[in-house]
Amino acid sequence: MSTVYVLVEHDGTDLNATTAELITAARPLGEVTAVVVGTPGTAQGLAPRLAEAGAATVVAAEAADADTRLILPAVDALSMLAAADPAPILVTAGPTGNEIAGRLAARLASGVLCDVVSVNADRTAEQSVFGDTVQVSAAVGGASPIYTVRPGAVEAAPIAAAGTLTQLPLPEATAKDVRVTGFTPAERGDRPDLAQAKVVIAGGRGLGSREGFTELAEKLADALGGAVGATRDAVDLDWYDGNYQIGQTGVTVSPDLYIGLGVSGAIQHTSGMQTAKKIVVVNNDEDAPIFQIADLGVVGDVADVVPALITEIESRK
Amino acid sequence: MPTIVALVKHVPDTWSAKTLEADNTLDRVSVDSVIDEINEYAMEQALKLRDDNPGAGLRVVALTMGPAGADEALRKALAMGADDAVHVLDEALAGSDVLGTTWALTNALNTIEDVQIIVAGNSSSDGAMGALPGILAEYRQVPALTNVRSVTLDGQTLTAVRETAEGRHELAAQLPAIVSVTDKADKPRFPNFKGLMAAKKHEITVVDLTAIGVSPEQVGLAHSATAVTAATERPARAGGDVIRGEDAATKVADFLAAEKFL
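Listed in order, the protein sequences are those of chains F and D.
Residue numbers for the first sequence follow the numbering used here, beginning at 1 and rising by one.
Residue numbers for the second sequence follow the numbering used here, beginning at 1 and rising by one.
None of these hints come from the bench; they were simulated from the model.
Among the clues, some could well be false.
Stated by the list, open to error - Partial list, derived from the structure: chain D residues whose beta carbon lies under 8 angstroms from chain F:
1) GLN141
2) THR152
3) PHE190
4) ALA257
5) ALA258
We treat Cβ as the ideally placed atom computed from N, Cα and C, and that holds for glycine.
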């Protein structure tokens, strides 16, 4: 039976939602070996849930100093496994995942495809590029091709498997390691994770201020159970945190519903949201390019329209 | 003389629409090309490291791999304040994947004296992988402080703040090292008139594969580990109704209800 390695995304105690997506995406390639990189005991805690999701094997790639090293522990673990037993490797796409994937490609002399939306049994993959305007099929060579998978692109479908736990001691840090001298985790809000949210409310320059985000965007998001995002302009103006930036340098969202408030529709932003199933926008400027891709556009002042819309929504609950 | 090398790339206009050629490579001809915006952030950090550490005697060299017109990106880097520039130019490089590109760059870096710090953008706007700095670190066997918004040099130690969706990491590493910056780093300076004029006249060092000791079998489209086998353009979205007036909110709520979002 062929194998496929999956790098588990976790915070030490819980699995990130993307892990179940990765395991599902990996299934066409063979039996899933889920690799947990972390401090001693982490894998044992996660193994039952990984088995439920579909991992035939769980590898505990652990070391006491795993949290003080950046990225290399995961690269060490996967390259050691694939050097001994070559097989495809799947990692979650993003700044960290893509770096891990590139480094593995260099160590394993294999190709790497980033931000794929699906992987096929014949090892080809599909990508959605250039702001989701072009769909491509891609081939990748080498004994251990590496794929990074876009969060939210594959729907997780758990099929229980054995989840047999094995140990892989990690090598020690060397001069090539970057030392992590401090770490502050990002604040997890109450709203759905932006990359996977079904409803996204995005704010741009037209919201006018930080208050525009708290009073209009956040309240509308809460009325609809959605996540809040921001354009790069709004983040640069310090009206919202950079982790919520949607666009070419930021998160790519593909929600069922996207509502843009005071968003002009520059390609920096639209390249991160134009596959939303339904797009609704509110903007004062009737010439804003965003109207060209909106299913429903409102030319008006967000300060008038949004509170009225929230009232309407609440009254229909 | 200890050197900071800033990697720059000439790309189809960072914020314009991109398309593919018939052979499924990126169309680099139909659109205006510019220095990738993120490289200006990388140059800014390189210049700051040089200028904030006068005792270290650092110089900044901008390096690019690209076709003939790519020297424009180097001229921009020179105008911002780079001391020198190197252009890796060879037809055989066309269509290289990220591994081939990084291999060519690391060999070009080996022709530059005393490279202590390499500063790159975190990800190019055309390739969009964000994988090159890590691969370069593998080839050069040095630490890489990636996706940082700030970096400081103190003697032989680089410290930096990395920000990603996971959170904020404080990092440290010894030289020689690689740094990649995000667009949350300091805003790039505008070149002044003197800089622009000097850049026009500055002699750029041009090197080909032979000069950097790379063979054509190691690079180029034919030796790439990945290939795009098919591409289809998604149909463009069409705009729908545009409404205005006092009852707009009601109409939007009706729309949301009809689409089962309420």
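Hints, verified against the model:
A cut of 8 angstroms between beta carbons decides the hint on GLN141(D): the least distance to chain F is about 6 angstroms, and the hint holds. Because the smallest distance between the Cβ of THR152(D) and any Cβ of chain F comes to about 13 angstroms, over 8 angstroms, the interface hint for this residue is violated. A hinted interface residue such as PHE190(D) counts as satisfied when its beta carbon comes closer than 8 angstroms to some beta carbon of chain F; here the least separation is about 16 angstroms, so the hint is violated. With 8 angstroms as the threshold, the beta carbon of ALA257(D) comes within range of chain F, its nearest partner Cβ sitting at about 7 angstroms, so the hint holds.
With a least beta-carbon distance of about 10 angstroms to chain F, the hint placing ALA258(D) at the interface is violated under the 8 angstroms criterion.
Violated hints, in rising order: 2, 3 and 5; the structure is consistent with all others.
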